[in-house]
Amino acid sequence: MTDKEKKILEALDTAASDVKIPESLEPDKMKEKLEGVKQKVWKRSYSYWLAAACLAVVIGGAAIYQQMGGADGLLMRNSSSGRGGTDEEVSVGSTIASAKDYDEVFQYFERYEEAISRSSGGSGFLGDTVNENASAGREEAKMESSSADRADTGAAPQAYGGSEGSYSDTNVRTEGVGEADIVKTDGNYLYALKESAAEIAIVDPSGDDMKKIGSISPERGAQISEFYVAGDQLFVLCNIPKTNLDENEVYFYYGEDATLLTYDISDRENPKLTAKLSQSGRYLTSRFVDGYLYLFSSFTVEGDCRSEDIDSYIPMVNGKSIAGTDIFLPPMNTANQYTVVTSVKADKPDEIVDQKAVLAENGQCYVSGSNIYIYESIWRNARFQSLTSGGTTAVRRISYADGMLKGEAQGKVKGYINDSFSIDEYDGYLRIVTTINAATNTTTNTTNAVYVLDEDLKTVGKITDLAKDERVYSARLLGKTGYFVTYRQTDPLFSVDFSDPKNPQIIGELKIPGFSQYLHLYDDGLLLGIGMDTEEESGVTNGVKLSMFDISDPADVKEVQKYTIKGAYSSDVFSDYRAVLIDKERNMIGFSTYGNSEMYYIFSYDRTNGFHQEMEEEVNGMSYMGTRGVYIKDKLYVVKGNAIESYRIGDYAKVDDILL
Amino acid sequence: MIDAKAFTELYRSVYKELYRFALCMMKHPQDAEDAVSEAVISAYENIHKLKKDEAFKSWIFTILSNVCRKKLKAKERTESELKPEHIAGGGDADSGLREDVQNAFFILSEEERLVVSLSVFGGYNSKEIGAILDLNANTVRSKRSRALEKMSLILKE
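Here the protein sequences line up with chains Y and E, keeping their order. All the letters of the first sequence, read from the start, carry residue numbers 1 to 660 under the UniProt record's numbering. All the letters of the second sequence, read from the start, carry residue numbers 1 to 157 under the UniProt record's numbering.
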C-alpha cells in the first residue's frame, strides 16, 4: 500500500472513531438482551456443524461478492455532478425510441460522460429528454401500438407447470406468469438452492425419510440466483463472473454475465447440462409464460466508452452485440445502465428468440399477461440540491407475445413506485399508485397519487394529494377496484374505483392501527394483509399482524379479523412476496417471522372464528437467503439454506429433517 | 459452552469495530444499529458453530457482512435507495461521520465499501479479505487502490 492510500484509510479510521456507538450496543446492554435469547442446538452431531461453519466463512463471502454488480451509478454520478436546477418538472419524451445505430448510442454516452464530469452548475444534460436531444435531424423511431394484443380480456396465459392441488407453487405477482425461486417442487421431488449458491439439491421426500438423490452444480464461479422446474427440465439462472488477465498477469474481474443453464433432469440422479445462454450484466429477474422464458439482466456501462470499441458500451447476448435498433434510448438522459431482456423457448433452450436492451437507471420490471413494463425512478439534483420536485417515474412498455419483444409506448408519472404491486395493467389501461416525496432543506412534503394511463401511456385520469405525510406500504389492484395502504400512525386502507378510467375515485378509507406490507386476495370478498401491529399513540410495534379485510363492499371495507404474532419484528414477506405460502383450497397461510429466533407459522382462516394458528416451529436452517414453505400432498417442508424440515399437515408434528 | 456472559466478553473486544463497519456499509446509524444487533443475536444463537475463540472476530464479521448485504438488498428491492433520505448519499446522509470523509466514502460501490471497511475495521490484509470475498489477493489490492483513488479525488476538493 502506498503512503497516500494508508493516509486515506487512517482518515476513515479517525473519522469513524469519533462516531458515537449507540447505547443499545454497549456490551452490558447487549448482555441483558442475549440472556433472553435461546441458543440453538441442532439435533445432529456437533462435528457436522463445525465443518459447515468453517465453510460458511468462505462461501458466505462468495455470495456477498456475487451480488455486487456495481449498480451504484447513481451515487457515482452524484458525487461529481453538482447541479443548479430548480423545481421544474422532469420532462420525458412521449414516444419510445430505439437508436438507429451504435453511433447514436455512443453519442448518448459521450454526452452522459460530459455531463457527469462537469463539476458545477447549469441545467443542461441531465434535465433534457433524449427525444429532443438525440433525434435532431432524423425522424423518431415511432412504434405503432396495437391494442389487440394487450387487453387482458382473453384467457389468462399459461404459466409452466401449475399445481393441481397436490403441491404448492411459488407465489407470483401476476397469475399465470411464472416466477423463479430458490425452492421448487414438482409434486414428486423438492429442489432447493443451497446457501453456497453453487448447488441445487434434489431431494426425494417420498415416505417419511427425505433423501438427497441428486444435485446440480454449474461451473466453478457461477452463483445461482434462482431456478425453474418444468417437467424434466430445470432452468438455472445464475451469474458467472468474467475475469481476465491484466497487464501484470493478475486476474481482474470485469463484471458478470447473467446466464441461463438448462438441465435435463429426466434422470434425477444424473442431471445433464443441455444448453447455456448468457447476456451481459447481473441477473435481475425472469418470467415463464406460455412456454417461453424471459430473462432480465442489469448491465452497467462503466469507465470509458470508446467509439471504436462497441463492447465498451453495447451489451451482448450470447457473445454477440445487441443491434443498435434493438436498443431503446433512455426517456431522460440519466442512465448508464441497460435492462437487457431476452426470450427463449423452453423446448429450444439453446436459441434466443428475441432480445432488447433498454437504457434505464435501475430499471425494475412488472410483467402483465401480455406486456413487460420497465419502470425507473428519476431524481434530479440528487446530491447538492434537495429534492423539490418529488421525483418522476418513467415507464416503458414492451409487448411479449410468443417470445417476440416489441417496444410499444413510453410515459411518466409523478412520484415513485413502492413495489410492483403498485403498477398494474387491466383492460388496456395501466394503473399506478405513487408516493411523491418533495423535500426542501427543512421540510419534507409527502403525498400520494393514483394515475390511470392509456395504451399510449398517457395519463387519462388521476387522483392526487392523498394521505399527506404518509407513504404507500402496499397495494393490490384487483380489476375495477384497487386497494392500497399508506401509513403514519394508523393504517388507512384506501379503496379506489377504476370503473371509469378517466375518473378514478377514492370510495373508501379504513383506518386501523398498524400497517399491511403485503396484500393478497384470499377469497371472494376477502383481502388478506400481512404487516405490523403498532400502538396508535406511540407507534411502538407489537408484532407481526395478520388482517382480513371484508371488501365485498369496496366503499365500506372492514377489518373483520386480526391476529398478532407478539414479539416478532419482521418477516421476509415484507420484501419478497415469494416468501409466503397461501393456498385457499387447503386453507393455509404460511410464512416465517423474526423475533428472538426465526419461527415458521401456518394459519388457517375461518369466517366466523378468524385466524387460527396451526403451526409454530423454529426454523433451524441458517442462511442469508429467505425461508420457504412448500407442500407436497400431506407434508409441509420448511426450507432454509441447507436444512429442510418436514411436518405432517394437520397436527404439524415434525416428521424428519435433512442437512443437504 | 459459551454463555451470555462469556459471549459478551468476546463481543466487548470487537463491538466498536462492528458498529463502525456496519455504519460504513449501511450509511445510517439506525440501520447500522439494527444490523449489528441482528448479527450479534444470530451469532449468539449459533455460537455452537464457532470452532474456537480465536476465530470469533472473523466469524462475526462474516455474519455481519451477510446481514448488511441482506439488508441492502432488501432496501434495493423496495427502492428505498431512490427515496430522498437515502439518495442524498454523501451529501445529506447523516451517518455521524465527518462530512468530508463521509462524502468521499459513500461514493464507493457496495463492494468497494466492503473491501475498504474490512481493511480498516476488520484489520484484515488483502489475502484475508480475498478469502472472505472469494477474490484473489491481487484483485483485492487493485480494487482497494481504485476505491482509495476515488476517495482521494473527493477528499482533495
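Derived by calculation from the structure, the hints in this document are not laboratory data. Cβ coordinates follow ideal geometry from the N, Cα and C atoms, glycine included. Careful, some of the hints might be misleading.
Calculated cross-link-like contacts (lysine to any residue; reagent style SDA-like; alpha-carbon spacing at most 20 angstroms) [said to hold, decoys possible]:
hint : chain 1 : residue 1 : chain 2 : residue 2
1    : Y       : LYS33     : E       : ARG146
2    : E       : LYS150    : Y       : GLU113
3    : Y       : LYS4      : E       : LYS16
4    : E       : LYS5      : E       : ASP31
5    : Y       : LYS20     : E       : ARG146
6    : E       : LYS75     : Y       : LYS20
7    : E       : LYS49     : Y       : SER196
If we take Cβ atoms under 7 angstroms as the criterion, some of the chain Y residues that face chain E in the derived model are [said to hold, decoys possible]:
hint : residue
8    : ILE21
9    : PRO22
10   : GLU35
11   : LEU510
12   : PRO513
13   : THR608
14   : ILE649
Now for the hints, and whether the structure bears them out:
{"no.": "1", "hint": "Y:LYS33 <-> E:ARG146", "verdict": "violated (41 angstroms)"}
{"no.": "2", "hint": "E:LYS150 <-> Y:GLU113", "verdict": "holds (16 angstroms)"}
{"no.": "3", "hint": "Y:LYS4 <-> E:LYS16", "verdict": "violated (25 angstroms)"}
{"no.": "4", "hint": "E:LYS5 <-> E:ASP31", "verdict": "violated (26 angstroms)"}
{"no.": "5", "hint": "Y:LYS20 <-> E:ARG146", "verdict": "violated (29 angstroms)"}
{"no.": "6", "hint": "E:LYS75 <-> Y:LYS20", "verdict": "violated (24 angstroms)"}
{"no.": "7", "hint": "E:LYS49 <-> Y:SER196", "verdict": "holds (17 angstroms)"}
{"no.": "8", "hint": "ILE21", "verdict": "holds (5 angstroms)"}
{"no.": "9", "hint": "PRO22", "verdict": "holds (5 angstroms)"}
{"no.": "10", "hint": "GLU35", "verdict": "holds (5 angstroms)"}
{"no.": "11", "hint": "LEU510", "verdict": "violated (23 angstroms)"}
{"no.": "12", "hint": "PRO513", "verdict": "violated (22 angstroms)"}
{"no.": "13", "hint": "THR608", "verdict": "violated (36 angstroms)"}
{"no.": "14", "hint": "ILE649", "verdict": "violated (28 angstroms)"}
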